[in-house]
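Could you put the whole structure together from the sequences, leaning on the hints where they help?
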Amino acid sequence: MLETFYFDIAHAIGVHDWIIEHSGGLAGTKNIGQLESVLEHIKNDLYYPSFLDKLNHLVFAINKFHAFNDGNKRSSIVLGSYFLEINGYDYCVQDFVIKMENITVWLAESKISKELLIKLIDCIIMEEEYPEELMLALITAVDR
1 MLETFYFDIA
11 HAIGVHDWII
21 EHSGGLAGTK
31 NIGQLESVLE
41 HIKNDLYYPS
51 FLDKLNHLVF
61 AINKFHAFND
71 GNKRSSIVLG
81 SYFLEINGYD
91 YCVQDFVIKM
101 ENITVWLAES
111 KISKELLIKL
121 IDCIIMEEEY
131 PEELMLALIT
141 AVDR
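1 is the number of the first residue of the sequence shown in UniProt numbering; add one for each residue after it.
Some clues are possibly wrong.
Simulated pairs of lysine-lysine, DSSO-like, Cα-Cα distance not exceeding 27 Å [claimed, not checked]:
hint, residue 1, residue 2
1, 43, 64
2, 73, 114
3, 99, 114
4, 99, 111
5, 99, 43
6, 43, 119
7, 73, 119
Across the chosen pairs, the derived CB separations fall in these ranges [as the list claims (entries may be wrong)]:
hint, residue 1, residue 2, range
8, 139, 88, 28 to 36 Å
9, 133, 24, 36 to 44 Å
10, 128, 32, 33 to 41 Å
11, 132, 41, 32 to 40 Å
Hints in this document: simulated from the structure, not taken from any laboratory. C-beta atoms are modelled at their ideal positions from N, C-alpha and C, and glycine is treated no differently.
This is the structure:
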């Protein structure tokens, strides 16, 4: 298994502050402990044994747990992209950003589950089209 590289809380906050400064919104964190918890938990190989599991939890938790006052969806995309980049998945970062734009909105609206999210992210990083079964699950989830 390849070594996984992580980033720290200061980097996460700095990225979030940059996002807010350049695209608007309410600056600051709501619960810094929650953000620290997410960044520590993804390091636990018992809970998150694969890179995909770690990335999925990172995106899900930043989006859903609202550690920041604003920009949680944007931060989940950018921090997920950075996690991909520092771990050698830079080939799919642009596609990840584009595809995750709608996915993070649906995730925030609780239309997409964490289980569906991991399947979508897997297809993105594997550079595969969504299989028919996954596309049907996505359409069904979003139409609810």
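We went through each hint and held it up to the structure:
no.	hint	result
1	43 <-> 64	19 Å, holds
2	73 <-> 114	14 Å, holds
3	99 <-> 114	16 Å, holds
4	99 <-> 111	16 Å, holds
5	99 <-> 43	25 Å, holds
6	43 <-> 119	21 Å, holds
7	73 <-> 119	18 Å, holds
8	139 <-> 88: 28 to 36 Å	32 Å, holds
9	133 <-> 24: 36 to 44 Å	38 Å, holds
10	128 <-> 32: 33 to 41 Å	37 Å, holds
11	132 <-> 41: 32 to 40 Å	34 Å, holds
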